[in-house]
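Letter by letter, the chains look like this.
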Amino acid sequence: MDPVIFLIQCLNAVQYGLLLFLVASGLTLIFGIMGIINLAHGSFYMIGAYMAFALQPLVAQYLGGGFVATLLACVVLASLLGYFLEWAFYSYLYRRDHLQQVLMTYGLILVFEELRSIIIDNDVHGVGVPAWLQGTVSLGGIMTYPVYRLFISLVCLLVAGLMYWVLTRSRLGMMIRAGASNREMISSLGIDINRLFRIVFAIGVALAALAGAIAAPVSSVYPGMGHAVLIICFVVVVIGGIGSIRGAFLAAMLVGFVDTFGQVFFPAAAGVMVYLLMAAILLFKPEGLFKQG
Amino acid sequence: MQSTLRAVLLLALVCLAALLPMAASDYYTGLAVKVMIYALFALSLQLLVGGAGLVSLGHAAFFGIAAYFVTLLSPESGAGNMLWLLPGAVLAAMAYAAVTGALSLRTKGIYFIMVTLAFAQMAYYVFHDTKLGGGTDGIYLYFRPELRLGEWVLLNLDAPYAFYLFTLACLLLGWGFLAALMRSRFGAALTGIRVNEQRMRAAGYSTFGYKLMAYVLAGGLAGAAGFLYAAKDGYVNPELLAWDQSGLVLLMVILGGSSRLWGAIVGAVALTLLQEAFQSQDLMGDIAQRWHLTFGLAIIVLVALLPNGLAGLPGQWRQRRQAARIKPSASSL
Amino acid sequence: MTQTLLSAKNITRRFGGLTAIDHVSLDLKKGAVHAVIGTNGAGKSTLVSVLSGELAPNEGHIFMGGHDITAWPQPRRARAGMGRSYQRTTIFPSLTVHENCRVTAQARHQYFWSWGAARRCQASSEAADHALALAGLEKERDRVAGLLSHGAKRQLEIAMSLATHPSVLLLDEPLAGMGPEETERMLSLLDSLKAEHAILLVEHDMDAVFKISDEITVMVNGAVIAHGDPAAIRADPLVQTAYLGEDE
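Protein chains in written order, with this note's numbering: chain Z, 13 to 305; chain L, 4 to 336; chain S, 642 to 889.
Bound conformation, chain Z alone (with noise of 0.2 Å):
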């Protein structure tokens, strides 16, 4: 293979593997502190797609705002959405076993695609790549890749990062390590377990709904987008384990590459690469590569 090819599918898959990352890690942060297993999630990814679509226009007409500030009206409104989905509905969800989470959430897709159907429509749209990231650019001088892919990658590390830091250095992530590997200590430390839930789905909502958005002038925006990209991240939430984010982290990684290149070197059975992964992990490691508590 030639080796710029190479390489330029090496950072396709990366950015792919990015883009995972961002919406699997608030669905295994969702799983591994409330318990909540949401199959609804995939949905926050198609509407902050649509959000990007839909607010375009609005953002540039009102407040003058380019792409950034339209990603970022994204992520306020998401944000918004979370918390209050997490207070109307998923504190419902806590008390429940698995299997009506499963099929409360499954009813909660279908609310979801048919209020976007009202809102917006069912069409496929395109979200254009704004002029000051189109283009390509001369890597190394010995290629040329997308100049927006770069930009895509650069914004997930950033997020990641981060979240790294959150995680690390601040008290809700410090909180919030707690509470995934234990969530009946936090509850008994005094510390306001509804509040921290809430702000917990909130960002989960904002990150799949970035990666949405984000991802839109790529992938464009099609109703079914949600739903793939679903069980994809379920896989690697198994791949990692739940409740973790490093193993969130690097099984994203993994699935970019094995999808990215199992497209090239057997583009007929593309869509099961990812699937037989899954199959040999589970031989091997039944629970994960990061088995978090």
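Mixed in with the good hints there might be a few duds.
Quick list of in silico lysine to aspartate or glutamate cross-link-like pairs, EDC-like style, CA-CA up to 16 Å [unchecked claim]:
1. S/K794 <-> S/E740
2. L/K111 <-> Z/E299
3. S/K671 <-> S/D855
4. S/K650 <-> S/E700
5. L/K111 <-> Z/D109
6. S/K671 <-> S/D783
Keep in mind the hints are simulated off the structure, nothing from the lab. Just so it is clear, the structure is predicted and the values come from calculations on it, not from any experiment.
Once you have looked at the hints, place chains L and S on chain Z.
What follows is chains L and S alone, placed relative to chain Z:
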């Protein structure tokens, strides 16, 4: 006395069901067939969820694999032979269940839910992305399979009534098989595993074998339902293996009630009728267009209110009446 | 000549950076009760889990009946004659006392391809009755297990292991939560079982341990610090400071 009453009721129901097509229109007969196919599908999942305590979110894979098997291997020029197409479809589903089950059952709880979903998605992609099954367009089954022994046609299912009765027979056979299975030593062990697997292992039961056997049997029964589905409309596409199919059949089992076998049947009937109702213009007016919304909300409410499903309602009422009897009224204190 | 029914050599089990059991060896002889005592976190429960097959050791070997059973999964060990009772009661509350024992007895009479009718196995019904007699629960035979007193439930817990005709019994805190009367009853039950079985007893009740054991192993922080008969253990200065010692 109670069991003879139940037997009589059951017999009456079966007779009514057998006679339904005489009184109903073609549309309702077709709907009834669809309900019965989904009832068989739900029963197969009931074995896993209610019998073994295994929550699978990927059961549609077996349904779809069998449907594709019969469609792909039926000749285009005439009716295929059910003698080998039906067992073949069931065995194909069981084979996939054996391989994926052996891997999935290494996980527990929430991992198991996610892994079964992933394996179903894998099968989905095989049919969706490859030329194998005509891709996203799906493929057609031009002639309904018939039962042939050499030159003799023993069973021809072209007539709607014949197919209806055949489906009813399959449903009853499947239900009977599962009922007998749960009463057998295998079923007793499975129940013990569901209640406390650790205890069963400590006693000497190789629980993995039991769970895998249940998984494979459930896959096979789902395959039988898939065969019927393909034979009914003559059209299959990858969406049969999609996760919302898996979610839908799981919903049927839970809403019907996982503690009883017939809960799956009740759940299939209830959910199919619910879907039809929400989509009906006559009943819902213009909201019928937005039936995903109403249906989704209904699911949320029903799952929240009926944790034991419809089959668990009598138990729920009994518990509430007992609690009310025990609790002294505030005024008497 | 006392027969060694179970022998564990150099068992080590680690969890990440923590060594829960550090090169522990012990033997279980027929006709004897071998108690394992130690402070909380000493590794006693982990040891029982490794012996029963629920956890695999990182190092070491276990021998039973002339076989190296280190790699055997728990069900296989159980069918070969290992019985285990749990610290937290694991009976089936919705079944009757007799049915509870019949379920466990049935394990060696069927395979996962056995589809015969459930009620007809004579052998397991008799094994269940025998186990109930040994445990002194014949009178409660048809009582729903969930309605039993705590002490009776713990007795049933042991009866369920007895129904599988074990030669080795691993008992994890069978006296947990029992009052003096129930403790007496349990101790005489253990005494009656001694003759035909090799018993491992993990317990916190020191009086009971010294009353009924023939051999005691003391564990602290995963390692064995003392081993011998009750008198020797009582006199051992190491044990006194580490565990029994109350000089206040």
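Check: Taking only the CA atoms, is the gap from L/K111 to Z/E299 under or equal to 16 Å?
Finding: 9 Å, holds
Item checked: Distance restraint between L/K111 and Z/D109, which requires alpha-carbon spacing of 16 Å or less -> 14 Å, holds
Next item on the list: Would you check the hint for S/K671 and S/D855, treating anything up to 16 Å between C-alpha atoms as holding?
Entry: It holds: about 11 Å lies between the C-alpha atoms, which stays within 16 Å.
Checklist line | Distance restraint between S/K794 and S/E740, which requires alpha-carbon spacing of 16 Å or less | finding: 14 Å, holds
Notebook entry, point to check: Are the Cα atoms of S/K671 and S/D783 separated by 16 Å or less?
Noted result: 32 Å, violated
Next item on the list: Assess, step by step, whether the Cα of S/K650 is no farther than 16 Å from the Cα of S/E700, and give holds or violated.
Entry: 9 Å, holds
Consistency with the previously given hints fails for number 6 only.
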